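Heads up: the sequence lines are chains A and B, in that order. For the first sequence, the working numbering begins at 20 and goes up steadily by one. For the second sequence, the working numbering begins at 15 and goes up steadily by one.
Honestly, the hints are just simulated from the structure, not real lab data. Be a bit skeptical, because a hint or two may be false.
As a list, the in silico DMTMM-like pairs of lysine to aspartate or glutamate whose alpha-carbon atoms are at most 25 Å apart [claimed, not checked]:
| hint | chain 1 | residue 1 | chain 2 | residue 2 |
| --- | --- | --- | --- | --- |
| 1 | B | Lys313 | A | Asp95 |
| 2 | A | Lys126 | B | Glu141 |
| 3 | B | Lys286 | B | Glu203 |
Just so you know, these numbers come straight off a predicted model, no measurement behind them.
Spelled out, the chains give:
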Amino acid sequence: MEPSPLAVYQAHLDRGELAYQWSPAAGRAVFYPRLVCPYSGSTALEWRVASGLGTVHATTVTHPAQGEPYNVALIDCDEGFRLMSRVEDIDPMAVRIGLRVRFRMHKPGGDEPAYPVFTPAEGTP
Amino acid sequence: MTGLTRGGAAIVGVAESDLGQVAEGMNVIDLMAQGIARAAEDAGLKVRDIDGLLCAATQSRTSGLSLSEYLGISPAFIDSTIIGGSSFMFHVAHAVMALQLGMCEVAAIAYGSTQRTVGRRQASVREINPYETPYRPFLPSTAYALAASRHMHEFGTTREQMAAVAVAARQWALLNPAAWEKKPLTIPEVLGARMVSYPFTVRDICLVTDGGGAIILTSAERARSLKKPPAYVLGCGQAITHANISSMPDLTVTGTLQSGRQAYAMAGLAAKDIDVVELYDAFTINPILFLEDLGFCPKGEGGRFVEGGHIAPGGRLPVNTNGGGLSYCHPGMYGLFLLIEAVRQLRGEAGARQVQGAETAIAHGNGGVLSSQSTVILGTQATV
Numbered sequence: 020m021e022p023s024p025l026a027v028y029q030a031h032l033d034r035g036e037l038a039y040q041w042s043p044a045a046g047r048a049v050f051y052p053r054l055v056c057p058y059s060g061s062t063a064l065e066w067r068v069a070s071g072l073g074t075v076h077a078t079t080v081t082h083p084a085q086g087e088p089y090n091v092a093l094i095d096c097d098e099g100f101r102l103m104s105r106v107e108d109i110d111p112m113a114v115r116i117g118l119r120v121r122f123r124m125h126k127p128g129g130d131e132p133a134y135p136v137f138t139p140a141e142g143t144p
Numbered sequence: 015m016t017g018l019t020r021g022g023a024a025i026v027g028v029a030e031s032d033l034g035q036v037a038e039g040m041n042v043i044d045l046m047a048q049g050i051a052r053a054a055e056d057a058g059l060k061v062r063d064i065d066g067l068l069c070a071a072t073q074s075r076t077s078g079l080s081l082s083e084y085l086g087i088s089p090a091f092i093d094s095t096i097i098g099g100s101s102f103m104f105h106v107a108h109a110v111m112a113l114q115l116g117m118c119e120v121a122a123i124a125y126g127s128t129q130r131t132v133g134r135r136q137a138s139v140r141e142i143n144p145y146e147t148p149y150r151p152f153l154p155s156t157a158y159a160l161a162a163s164r165h166m167h168e169f170g171t172t173r174e175q176m177a178a179v180a181v182a183a184r185q186w187a188l189l190n191p192a193a194w195e196k197k198p199l200t201i202p203e204v205l206g207a208r209m210v211s212y213p214f215t216v217r218d219i220c221l222v223t224d225g226g227g228a229i230i231l232t233s234a235e236r237a238r239s240l241k242k243p244p245a246y247v248l249g250c251g252q253a254i255t256h257a258n259i260s261s262m263p264d265l266t267v268t269g270t271l272q273s274g275r276q277a278y279a280m281a282g283l284a285a286k287d288i289d290v291v292e293l294y295d296a297f298t299i300n301p302i303l304f305l306e307d308l309g310f311c312p313k314g315e316g317g318r319f320v321e322g323g324h325i326a327p328g329g330r331l332p333v334n335t336n337g338g339g340l341s342y343c344h345p346g347m348y349g350l351f352l353l354i355e356a357v358r359q360l361r362g363e364a365g366a367r368q369v370q371g372a373e374t375a376i377a378h379g380n381g382g383v384l385s386s387q388s389t390v391i392l393g394t395q396a397t398v
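In isolation and in its complexed conformation, chain B is listed as follows (with noise of 0.2 Å):
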């Protein structure tokens, strides 16, 4: 993005909260916390030196105020935008910026969620639109299932292929100890499974989980102090197309091509350069589609790109490394956990699952109903 500098700023604490079903009575506020003291450890930080805090939630109206309450902090920079499940991609671009500008000297980005545990629409209460409410549209399958329809008419994509991206995340997650899913799936059980919103099984869709993370950044300098090996933020970019389905420009061509174009311009990089893929796969068009607008095939051609495992361990791009939103975890608003792999795989902490030689890392953040893009590139000290 225009105005950011270009590894000026890394990611130097990562870490989830507990995941999957937490405690009871654990509440977001708790998650986030839990997540920023495990994100300040993993950075060889204390929790006192954040003064900047970026965080959103759909269970807390002004998130911001009750973490900064519960840490014991008054930060000099907040930040609560929320726009979907991207919005911690754009809280890296925040964040920058404030680091940059001397807003702040440690801001830290946080999420939580119990939507498994209070239910999903205790969770994320459904605005009232009288122009799709009549049609009782199931939010967000039905939009995604509706743009997956006319991938499907102008490109001849199928459920198998799409079924594939499932398969993958699963395969992804068998070696990630902390994914929810623990056994293996196949292309005929995810076609089989319960029909949600044509053509998406319950299989296509991400799963319903409790939990939350945080990620801590500072400036270059700083960093190169702290205890691990910072992720430096190389390239941002965010596009809003808007808000509804109905009101989607292309219902094939996401706002992720504007997004994709603005962080490889600003890290001076393109798709060949990338090593590690994490992208918001709430449904399994997702990556179909952010494939395609981030360069990496063709529009048209991402349902043949993941056929034959070609996104799985093993395959020719490494895509969805911890196993997604549709293996690993989703607890509503997913991004954040994006870009906590991402960090994993530059580090090389990742185990079993680990890209060997990872340099640089995209990680892509989707909100709404494909209605906010934002993509973050990552990279090592070696690529800045």
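For reference, chain A alone in the conformation it holds in the complex (with noise of 0.2 Å):
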């Protein structure tokens, strides 16, 4: 049986590594990870690992009833793919579109799944 999408983009997550796919029929990258690319109808998808810098393409910040407001952004990575995450290490209101960003592995702890963060990519062009 075929590994689920999602089982080999956590596997790569847990070596550290930012993982997307690629569709050679449609000659572009994809993301979220699937069975069929939504641009081809290709079932040939491979897998490569992001160099991990991106910019920043849209940002909010949330202000929960309870706790300290948090960035959410949309990140446009260098290999053509976008993806929802949030930059830390720095104020969420200072994220500005434009920003360039680098992707770094967050352990939330306990059972929950690695997922990928970003933070400020200063002097990266």
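Please assemble the complex out of the two chains, which come individually in their own frames, going by the hints.
Below is the structure:
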């Protein structure tokens, strides 16, 4: 049986890698991981590991009923795919569209799986 | 939409169920049935005349079954398409299709929600998405806030301009006795309200109320023999672009561009021909996006278009004349209420908020996180 796209993605994350898929048929990156390419219908999707560099495409600050406000952002990775994440190590309101960011694996602890977050990557073109 | 006949069917009955905070023990099927009974009365039809049933609800997995049983009908045509708040505009297209094909003769579209009574979390259970849930997006507001951030970045749209949408909605609501909000609202009050998802305060976000309602459609021929002036379905259009905000092709251009074009093409009308505009205002950025994508102003100009009371009572374009989801009512999936208000405006039944001489109206529904868009253009007898 084929492994689930999520399991492969998570295994990469557990090794500290941000993985995505490449569709040779469409000639472009695919994210979130899946079994069928949304651009071509092809099932031939290759796994690749991203450089971890990207740019903030959109950003917001969520104010929970309790607790501190936190950032939620859409990140355009240099390989041509977009994902939801957050930018850390910076005031959530200071996260700007166009900010260069770098991937960091976040381990929430307990049974929760690791997930990717980003930090400012000053001076990165 | 291709295949549907312009003016081939009409909305002949409209009604809200109880709104706001409904009586204890009232459930969503009660509200749907109440809406249908009132809409049938409005049309001069009997509930038993209904042989086409279209409905959607987040609190009832098989609302079509429950509602059929409740009403004691066995519908020849049934459809529970559920793609968010625009579901009911999709239902209109499906009802027109079924009537045109002779699959049914009288179609009812119904909705109900008790989200205020039971709590939003209970009314609409969130699905886990392993690629988004860890970031604790407060959905749907986080997603719309992300879209707003792009609009602000690309076009210079301001929080004050978005607040103007909320203020205009409130001014309309003060003319609507059925509206939830009863007090005036100012731009500083919107900006100074509790922040939820920057740039949105709680006043940039639709209400959380109970409510429901129904509309009834039949063929144009039969419509002319009924009690009220028919509101003919002149145009329908729809588009689905994504499910999650991270997959939206362009955060500043919605599927409304496509749904609007389809509806205008079927109706043979353009934005300049529309007298009344009802847009799904889940968030203050929504009408700005939809005014642009429906061609009422160029892309990027929506913020400037809504400034200075231009969509408020007495402004250049009457938008959301019932007070909208922002100030009238918002029971979860709001699309049906846009259709109800559009019909009332075309009939001249809108009282203090009546747009004089309204012959054409747009009801534009939005669903998910700008994911599904559907446009319905309605017109009076004079437009057919």
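Evaluated hints:
For the proposed pair Lys313(B) and Asp95(A), the alpha carbon gap of about 23 Å is at most 25 Å, so the pair holds. This hinted pair checks out: Lys126(A) and Glu141(B) have alpha carbons roughly 22 Å apart, not beyond 25 Å. Using a Cα cut-off of 25 Å, the hinted pair Lys286(B) and Glu203(B) is violated, with the two alpha carbons roughly 33 Å apart.
Taken one by one, the earlier hints fail for this structure only at number 3.
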